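Protein chains: 2
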Amino acid sequence: MGCSGRFLGPSQIIPPQAIQWSSSNMKIVRIHHTTVPIRSFIRNAYIDFSQMQCSVVALVTDRVCDGKPVVGYGFNSNGRYHAHGLLSERFIPRLMRADSADLVDETGDTLDPAKVWRVLMTGEKPGGHGERSVAVGVLDMAVWDVVAKAAGVPLWSLLADRFNHGVADGRVWVYAAGGYYAPDKGIDALKDEMRGYLDLGYRTVKLKIGGAPLAQDLARIEAVIEVVGAGDRVAVDANGRFDRKTALAYAEALQPYGLCWYEEPGDPLDFQLQAEVAKHYDAPLATGENLFSMQDACNLVRYGGLRPDRDWLQFDCALSYGLVEYLRTLRMLAEHGWSQRRVVPHGGHQMSLNMAAGLGLGGNESYPGVFQPFGGFADDRPVQDGLVALPHIPGIGFEAKRDLYSVLKDLVA
Amino acid sequence: MGCSGRFLGPSQIIPPQAIQWSSSNMKIVRIHHTTVPIRSFIRNAYIDFSQMQCSVVALVTDRVCDGKPVVGYGFNSNGRYHAHGLLSERFIPRLMRADSADLVDETGDTLDPAKVWRVLMTGEKPGGHGERSVAVGVLDMAVWDVVAKAAGVPLWSLLADRFNHGVADGRVWVYAAGGYYAPDKGIDALKDEMRGYLDLGYRTVKLKIGGAPLAQDLARIEAVIEVVGAGDRVAVDANGRFDRKTALAYAEALQPYGLCWYEEPGDPLDFQLQAEVAKHYDAPLATGENLFSMQDACNLVRYGGLRPDRDWLQFDCALSYGLVEYLRTLRMLAEHGWSQRRVVPHGGHQMSLNMAAGLGLGGNESYPGVFQPFGGFADDRPVQDGLVALPHIPGIGFEAKRDLYSVLKDLVA
Chain H
4 MGCSGRFLGP SQIIPPQAIQ WSSSNMKIVR IHHTTVPIRS FIRNAYIDFS QMQCSVVALV
64 TDRVCDGKPV VGYGFNSNGR YHAHGLLSER FIPRLMRADS ADLVDETGDT LDPAKVWRVL
124 MTGEKPGGHG ERSVAVGVLD MAVWDVVAKA AGVPLWSLLA DRFNHGVADG RVWVYAAGGY
184 YAPDKGIDAL KDEMRGYLDL GYRTVKLKIG GAPLAQDLAR IEAVIEVVGA GDRVAVDANG
244 RFDRKTALAY AEALQPYGLC WYEEPGDPLD FQLQAEVAKH YDAPLATGEN LFSMQDACNL
304 VRYGGLRPDR DWLQFDCALS YGLVEYLRTL RMLAEHGWSQ RRVVPHGGHQ MSLNMAAGLG
364 LGGNESYPGV FQPFGGFADD RPVQDGLVAL PHIPGIGFEA KRDLYSVLKD LVA
Chain G
4 MGCSGRFLGP SQIIPPQAIQ WSSSNMKIVR IHHTTVPIRS FIRNAYIDFS QMQCSVVALV
64 TDRVCDGKPV VGYGFNSNGR YHAHGLLSER FIPRLMRADS ADLVDETGDT LDPAKVWRVL
124 MTGEKPGGHG ERSVAVGVLD MAVWDVVAKA AGVPLWSLLA DRFNHGVADG RVWVYAAGGY
184 YAPDKGIDAL KDEMRGYLDL GYRTVKLKIG GAPLAQDLAR IEAVIEVVGA GDRVAVDANG
244 RFDRKTALAY AEALQPYGLC WYEEPGDPLD FQLQAEVAKH YDAPLATGEN LFSMQDACNL
304 VRYGGLRPDR DWLQFDCALS YGLVEYLRTL RMLAEHGWSQ RRVVPHGGHQ MSLNMAAGLG
364 LGGNESYPGV FQPFGGFADD RPVQDGLVAL PHIPGIGFEA KRDLYSVLKD LVA
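For the protein sequence lines, the chains are H and G, in the order given. Heads up: take any position in the first sequence, counting from 1, add 3, and you land on the working numbering. Heads up: take any position in the second sequence, counting from 1, add 3, and you land on the working numbering.
Only chain H is shown next, with the shape it has when bound in the complex:
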């Protein structure tokens, strides 16, 4: 294994590279981190995104590839706050104190994400899955970026090899998540927005509901269906704001549209409400972006009444202890009879896109134009027919997204 000489299939061209080998274990030399604004001018039922910020880390190793140190980058997803305090006070010091032998794989030449995860979670009690799950998710992303870069392969390819019998999806289904409420945003503006997504290559779109009375939301949905052309290419998202009665009233009203999905009707931890909606609503449901551990996801599957033949699960690794925990969640799902194709992660970032391609998930969220520069994919990989391809460069692919990489590399400079 190394960052050169690996066969990646005919379409995968990686520039020649040369890693400097060492007889000692890979070491984390330092971890830079900072907090930067997420550029958005939107709000949903709970959040004014203009107040959101994003934690960004750069994990610098002692390995050199093509004359430059191997550096892994990570950041948190939108919807939850940055993790600055937890990173600086608890998780980065814990990682930097660790012996390198407790962080590397059996060769010593690269990090072992599961071992890093165990170190990060040392001294952490079970339960209470929030906030720290973001801090660990950010660092875990950087670790996987290092591991793929040190192997000289794109992360999606590494994941396919390790966990999916070498099979990766060449392109991933993505949908455009938008349709936020805004002052003075009428039906026409909503339709223009959706037309814009179609012009960008998306086939499926999502809009927010629950921020307006039911009748007004139905008019918005009908307008969007008119633009997109079919109900099953329109998803709606209540962001967990409905009580039981409202959730069921919406379920009844939405049923005739045959929507792509009806997302997060009630509190994400109110599994009984979720199960009641599932009993009354035949079309697909979706939820999971606000469950931050395998155990919480397991409770959703056990008690939420979701149907493996049609519903969607939207856990976001960057908010929920990273990919190491996500692999546990996928194993748990398999044990409960769920295909990983029913998983479409929240967040619209490249980490989830790599997971979708390399682990064979059902697709990935996308937020055209918002949550920048963290949202979105490689610059030279436009969405076509609702699908997006991934770059063939080592790591997660941040270097192929210019505006994001300029933020990331500043961290190390």
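Hints should not be assumed to be uniformly reliable.
All copies of an identical chain are treated as equivalent in the list; a pair is satisfied when it fits inside any one copy or across any two copies.
No more than 27 Å apart at the CA atoms, straight line, and that leaves these computed lysine-lysine pairs for DSS-like [what the hints assert, rightly or not]:
#1 K248 x K118
#2 K248 x K128
#3 K188 x K412
#4 K248 x K282
#5 K128 x K282
#6 K30 x K412
#7 K412 x K71
In case anyone wonders, no lab produced these hints; they're calculated from the structure. All figures in this text were calculated on a predicted structure; none of them were measured in a lab.
Use these hints to put chain G onto chain H, whose structure you have.
Chain G alone, transformed into the frame defined by chain H:
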């Protein structure tokens, strides 16, 4: 309402006080906060407590009582980490930015804890209940301390008046939580420790299990029963470490002892495991210290198989969004047929003791000698026959615990 002139019943003597009235709303002038070590030399299955620290806040108002500003104090409970970053980056700035009209009750003369809570939780999405629940719990404690001090009454009395038809318990059942593992701590040392608790006035004790093989744990339990005199005065705590098989093996082995309770056999969010243990174990079970919201507590009650006639619920307000959320949890419990007498909070601090007395809970945890100075109760209220009384001074009563108050008042000095 004010800090003088309130009738508190014959046994309640409060020194005369004079509040300076104002025609404007009470204002929070500033919030001091810091992080201090918790003095402990113990560890359980997950945590090395020597690494734990505690967030402490002092909420200074513009009201003056007996010539001094009315100041409320709060801190987090043991078992979870301090909340320094979240307090300084998110929650204290949010509270300080708020208009005083959004924080005070209808008179304007004092804070309304529920309104403060709403301000604190503005911009917070549902789900993900950990870490931030500690930050909010710390501030909520300080708010209740202010409210009781401004009213000139002990918090337990204020809670009884507001939420329990004026009925408060004069004394609260407490148990001594100890029996931690330590290197070279044999059966004799364990027995000595337990004898010490009896000497301090406790009747019921708790010891850790799961840190040694089953046979060794049973020998430890038998030794403690021998000291205490009866199985139903000995509780055991696995701190969530067991898998299904081990939890059930312990259940079978513990059954004959008729213990006070068997606490947290498995992961606190694994409600199915909890329900299985309940099916196989007739004696009382206890859990809840690692559930940090009403919704998580609700899921435990819905799915955990616990029995309202014998089991115990141990939610800790200082870790779980404070008393405002706790009142929601108690309402939820009542709707599910649970008496508040089945609630015995985790943490061993004065806030929970006030809640136990004023809301008529079943009792309170106590950690003699550890988690100092935050654990423990008023200096002049020794435990007698397993019961402890509360001081008759305004607020939570921190001023009646000298070592604690010396830390708290330094924050304002």
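Consistency of the hints with the structure:
no., hint, result
1, K248 x K118, "between (46 Å within a copy, 25 Å between copies)"
2, K248 x K128, "between (36 Å within a copy, 20 Å between copies)"
3, K188 x K412, "neither (37 Å within a copy, 52 Å between copies)"
4, K248 x K282, "within (14 Å within a copy, 33 Å between copies)"
5, K128 x K282, "between (35 Å within a copy, 26 Å between copies)"
6, K30 x K412, "within (20 Å within a copy, 45 Å between copies)"
7, K412 x K71, "within (12 Å within a copy, 53 Å between copies)"
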